[in-house]
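Asker: So the protein lines, in turn, are chains A and B. Residue numbers for the first sequence follow numbering that gives the first Met the number 0, so the first one is 0 and each next one is one higher. Residue numbers for the second sequence follow numbering that gives the first Met the number 0, so the first one is 0 and each next one is one higher.
Any given hint could turn out to be false.
As the list claims (entries may be wrong) - Straight-line distance between alpha carbons at most 30 angstroms, and here's what the computed BS3-like set of lysine-lysine pairs gives:
1. B:K203 to A:K351
2. A:K160 to B:K203
3. A:K351 to B:K94
4. B:K30 to A:K160
5. B:K94 to B:K30
6. A:K270 to A:K213
7. B:K141 to B:K30
8. B:K158 to A:K351
9. B:K30 to A:K351
10. B:K183 to B:K94
11. B:K203 to A:K270
12. B:K158 to B:K137
13. B:K137 to A:K160
Since the hints were made in silico from the structure, they are not lab data.
Listed below, chain by chain, are the residues.
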Amino acid sequence: MVTLLVLFAGLMPSQDASARMLQAHIQRVVGVAATLEDVTIRLDWPTDAAAGELTLSAAAVDSPDLGYHYRDLHWRCPLRRTPDAHWTCDGALVSGRSAPLRLVVDIGAATTHASLATGAARFALDRNSASPDDTQLDLTRVPLVWAQALLSQAWAAGELKDGTLDGHLDVHAPTDRPLQVTGSLAVNGAAFQTPDATLAGEQLGGRFGIDYRKATNLTTMTLDGVMQGGEFLAGNAYVALPPSAVDVRIQAQQRRGAGWQLPFIAWHDGKALVADGSAAFDAETNLQALDLDLHSTDLAPLTGRYLSGWLAVAGLPDLQLSGTADARARVAGGRLQSASLALHGVDMIDPKGRFRFEGLDGAPAFSATAPASSQLGWTGGQLYGLDFGAARLPIVSGNGELRLRDAVTLPALGGTLRFDGMTLRPPAGDNGADIRFGLTLDALDIGQLSKRLGWPAFQGQLSGRIPNARYSGERLIFDGGLTMQLFGGSVQASSLSLERPFGVAPSLTADLVLDDIDLQSLTGVFDFGSITGRLAGRIDELRLVDWSATAFDAELHTVKTHGVGQRISQRAVQNISSVGDASFATTLQSQLIGLFDDFGYGRIGISCRLSNEICAMGGLEGADTSGSETGGFTIVQGAGIPHLTVVGFNRLVDWPTLVERLAAASKGDVKPVVE
Amino acid sequence: MKRWMGMPMSAVLALTACVTINVYFPAAEAKEAAKQFVEKVIGDEAQPAQPTPEQPKPEQPKPDGGMAALMQFDPLMLVGISPAYAQGAPDITIKTPAIQAIQSRMESRFDASLRAGFDSGALGFTQDGLVVVRDASKVQLKDRVAINQAVADDNRDRKAVYREVAVANGHPEWESQIRGVFSKQWIASARSGWWYQDASGGWKQK
């Protein structure tokens, strides 16, 4: 089996008659699996000794098929003849400066045994002259890094870090047919990584049946077994394998000069995920084609095992899923061609309370090319604490976008939301998602809205039409406006936009116009004391960040209306004064206030321009200001007797303090301060 | 759009006449604001581990009565130009509750996970004011998902800050300039040994 190309051997009788020495120098030894260069064999055997000393060294050992290359190899061992006529030799093998391994060789009449060991690791090789093409390999706790060169043959970037192999392999290497390796291997604690760390695995365990065949032009491999425990990641995808076994079957083949093809992939992780498909890579191990069918009978464990990497990056790390789902993805030419997802009774809950969907059902399909129709529905859900009802979306996909085929009506807050003409372009390259739709709100109950948002018990209805809404770059911008019927009047909202609706510090901007608001109902809701009359005004450039007001330019005033009385109760006066931090003053003596239950007024007006946490306050436009050396402003202009005027002096008011006092006033636990 | 310029200038203007001047981007003020923000998030280099006595946190003034208003009170109000203060002279403020909340969240995230990533060289500051995992091999696999999440969360916060600083100062159109100022500041405040991306996109170690 071993061909000696150049052989120079000499037997040199020693000067010392009591010992014999054999020395051979062979320039090159070529075997099927390896080539040895510059080989020296030397045997010293004292005449009466039981064993001789064998020293074997080679300048280079190369195994191009397996990818192993050693330099400066030395093996020194005592050579013995056993009673059953075997030659054995057991000694330390050193390659370069690496730690020595123990190499044992046992050659009988028909059998050859060799084993390489270090610590608990042992790699054994057996051959029998009856079947000269066959070699048996036994592995016991063999470090996985020993297989690095073998792996590099198939995957240049893969680096094995840790782990052991146990098992048995049969190598069948006939001279005229392909090399074949079959057997079974158990992997424990395997760790690997690519230099750029985009692919990595740790603590991976499993048992596999292996069938590897290598011919001149085609290499094939079949792996069939189970994975058990461990974790790996690829880019943002992170897989934490369950302690239970995952059945894995992979067929792979590689033609000379081409990339690996995986005509068959199966991954069966109980109820959590069953995946079957095929894939192909180019010569640089880039994914070229993929056809994958996925099925999950129980989505609950899926997020922890397979989706946590993506969800974490998307800002939804603890998303809860339940129900069943099927998915299919097809990649061709390195690009996603189509993807579909079929959901069956899926509940999706954001633990941060931003949204929840119940009973998601349907199969929204995405197609980059030919149009595809699909639909998606749900039985109910919640958005920022606001419930919405069942809906069914008819979806058409084509040309890389999703569209709603018909308008969709969604019951919410006792009324309806109607979406029409919706198109969605998923994120691609540097462009984020782009969504456009029209929205019609019909008779939403503000009472329910207030209750959900923890507002005072407002009563009224919200309606409106937004012909064009557009979401892109984390901004949702609405053209058109909404009208709220509130307290017998109306509030019109326009220039609405919402930034980062589900992200960091969601921020809402709007311009509001108030008209004909019944003050008695309004003050009743706030429990602020009673004011009768009608209110109008505007709140421009209102900006709520994280749902609290950070900026606006507001001006509110009463409007004299025929048949509507204009009275303000003692308590309301006191609350207005105390909210103003005693900077409001009345022209009445403080004792006098207590004598009257309410007062008539001519006008009430107040303005506040909020920015940087400071409210720049003003009062009635064109009203006389008394005590104006510090620039006071009139808030309540009295009428009749007793004549009451409330004047504010502090034009710059700290907004958080003002809000605190307003809240306290509406709870009735503020003591009036009157100067 | 016509606005008052910087504070001292507006005082002069108020004294002279009703002159208004086109608003320019207040680069120096923005830089100062960015520096305050960044240094607070990254922490004090001189005393990295010492538990310094608890400073009164500016984002929680908990004012009693008019004290807060007094604290915000500017002496210039006395000469009758107080409206200019409240109406947003182009001083760059980062004291809105939203920005303060994001800042303190970024500060705790930086201490909890990002600082170690910068120290090890796994993370780097990009030229556009974000953080990126530039060398994932420096991070143990078990920590990778957490660091990826921290980086994604931090970048969402960063984008929100750049936007909010611009909007809170009444100039949404300044967002990219604010971002530019902050990205320079992250690099300027970076500790020795941390990695950053230079203007041409190459990685450099400070």
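Asker: Please verify whether K203 (chain B) and K270 (chain A) have alpha carbons no more than 30 angstroms apart.
Answerer: violated (48 angstroms)
Asker: Taken at face value, is the distance from the CA of K30 (chain B) to the CA of K141 (chain B) at most 30 angstroms?
Answerer: violated (38 angstroms)
Asker: Starting from K30 (chain B), check that the Cα of K160 (chain A) is at most 30 angstroms away, please.
Answerer: violated (46 angstroms)
Asker: Run the distance test for K203 (chain B) versus K351 (chain A): straight-line Cα separation, threshold 30 angstroms.
Answerer: Not satisfied, since the Cα-Cα distance of roughly 38 angstroms exceeds 30 angstroms.
Asker: Against the 30 angstroms threshold, does the CA-CA distance of K94 (chain B) and K30 (chain B) hold or violate the hint?
Answerer: Holds: K94 (chain B) and K30 (chain B) sit about 15 angstroms apart, inside 30 angstroms.
Asker: For a C-alpha distance cap of 30 angstroms, please report whether K270 (chain A) and K213 (chain A) respect it.
Answerer: Given pair K270 (chain A), K213 (chain A) is violated - Cα atoms ~36 angstroms apart, limit 30 angstroms.
Asker: K137 (chain B) and K160 (chain A) were given as a pair; does the straight-line alpha-carbon distance stay at or below 30 angstroms?
Answerer: Cα-Cα ~14 angstroms, so holds.
Asker: If you draw a straight line from the CA of K30 (chain B) to the CA of K351 (chain A), is it 30 angstroms or shorter?
Answerer: The given pair, whose Cα atoms are some 35 angstroms apart, is violated under the 30 angstroms limit.
Asker: Does K94 (chain B) lie within 30 angstroms of K183 (chain B) when you go C-alpha to C-alpha?
Answerer: Holds: K183 (chain B) and K94 (chain B) sit about 21 angstroms apart, inside 30 angstroms.
Asker: Check the hint pairing K160 (chain A) with K203 (chain B) against an upper bound of 30 angstroms on the C-alpha distance.
Answerer: Holds. K160 (chain A) to K203 (chain B) sits at ~29 angstroms (cutoff 30 angstroms).
Asker: K158 (chain B) and K351 (chain A) were given as a pair; does the straight-line alpha-carbon distance stay at or below 30 angstroms?
Answerer: holds (21 angstroms)
Asker: For the pair supplied as a hint, K351 (chain A) and K94 (chain B), confirm whether the alpha-carbon distance does not exceed 30 angstroms.
Answerer: The hint holds at about 26 angstroms.
Against the hints set out earlier in the document, violations occur for numbers 1, 4, 6, 7, 9, 11.
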